[in-house]
Amino acid sequence: MYPIAALVVIAGSAFTTVKFQDWKIGEDYSIKFTSEDPSGVFKGLKGTVVFDDKNLAASKFDVTVDVASINTGNGMKNTHAKSAKWFDAEKYPTIKFTSSAITAEASGYVAKGTLEIHGVAKDFSMPFTFTQKDAGGVFNASFDINRMDFKINTEEPAHGAAVVKVDISVPVSKN
Amino acid sequence: MFRKVFFLGLTVGITTALAAYVYNRVYIFALEANFSKIVNTGSIIGVSFAVSMIIAVLYWFMKRWLKQKGEIVFNFTLVILSFAAIYLPVSISLPLDISNPELFMGLVVPMLFFPALGWHTLKPLFIRE
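Taken in sequence, the protein lines are chains E and V.
Take the first sequence: its letters are residues 0 to 174, numbered as in numbering that gives the first Met the number 0.
Take the second sequence: its letters are residues 0 to 128, numbered as in numbering that gives the first Met the number 0.
Since the hints were made in silico from the structure, they are not lab data.
Incorrect hints may have been included.
What the hints assert, rightly or not - Going by beta-carbon spacing under 10 Å, a handful of chain E positions derived as facing chain V:
no., residue
1, Lys-31
2, Ser-34
3, Pro-37
4, Gly-39
5, Asn-77
6, Thr-78
Where a beta carbon is used, it is the ideal one built from N, C-alpha and C, also for glycine.
In isolation and in its complexed conformation, chain E is listed as follows (with noise of 0.2 Å):
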């Protein structure tokens, strides 16, 4: 009998998978970006969010902003963020955050990885929070970014803010 059981027991094991906590980005998510000058939102957030905060391990952000989604309200504003001059979206498509750990915090949860905007790739550390709510939740981020560290249009400096402040609300549901 016990043999057969401990057959059972390792047959069985063979079709045991650790199960990952898989998230969907909900549509209505805001990627704000605010400064004295200018203040904006992106648009299409794409990517793959696995997180469980009782394993923070196997929890990984792998996402990306079309970077011609930018919106600041003003129509010469949002041509000119999206030219060579300033974000080159033609050539650098793409913002894309990459984590490589998530470690937890007293105030919440830290992502660190790289960061890659205007095709500059930068470790980042991205101070974030999860509050489940049912079969959901809500990631709420708050961070600032200097446009120099990425060059931004480093030949004019004082033009628009170099610093911005960016706030990120992503709901999301279980996959």
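Given the structure of chain E, go ahead and fit chain V onto it with the hints provided.
Okay, now just chain V, sitting in the frame of chain E:
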């Protein structure tokens, strides 16, 4: 004199509002642009009447103040102000939930000249020199 100028201003207001309304509808239909939060029937009527009455008061004031030269100064002032008004749609930042703000100038800039066009078209019907 003021009575004629007043009714001319009112008529220009009606004409401008009608032209702007039709242009707005055609623009929305042609480009599927939606700026109804800012440019809607209420704002079109309000701005058209306000601007037309300001033009009427300006005309009356300049004719009274500068006599013969008033007409020339008024015409130049009206054209210069109409062109200068282009700065408004160029510099304004729309609410961020409005997409394609690039199309906003194409909607608003032609409308800025409707009051001047209306004034010069209708003036001979009300005021004969």
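Verification of the supplied hints:
Nearest Cβ of chain V to the Cβ of Lys-31 (chain E): about 8 Å, under the 10 Å cut. The hint holds. For the restraint placing Ser-34 (chain E) at the interface with chain V, the shortest Cβ-Cβ distance is roughly 13 Å, beyond the 10 Å limit, so the hint is violated. Look at Pro-37 (chain E): its Cβ gets to within about 8 Å of chain V, closer than 10 Å, so that hint holds up. A cut of 10 Å between beta carbons decides the hint on Gly-39 (chain E): the least distance to chain V is about 6 Å, and the hint holds.
Proximity of Asn-77 (chain E) to chain V holds as hinted, the smallest CB-CB distance being about 6 Å (cut-off 10 Å). Taken as an interface hint, Thr-78 (chain E) checks out: its beta carbon lies about 7 Å from the nearest beta carbon of chain V, inside 10 Å.
When each numbered hint is compared with the structure, a violation occurs for hint 2 only.
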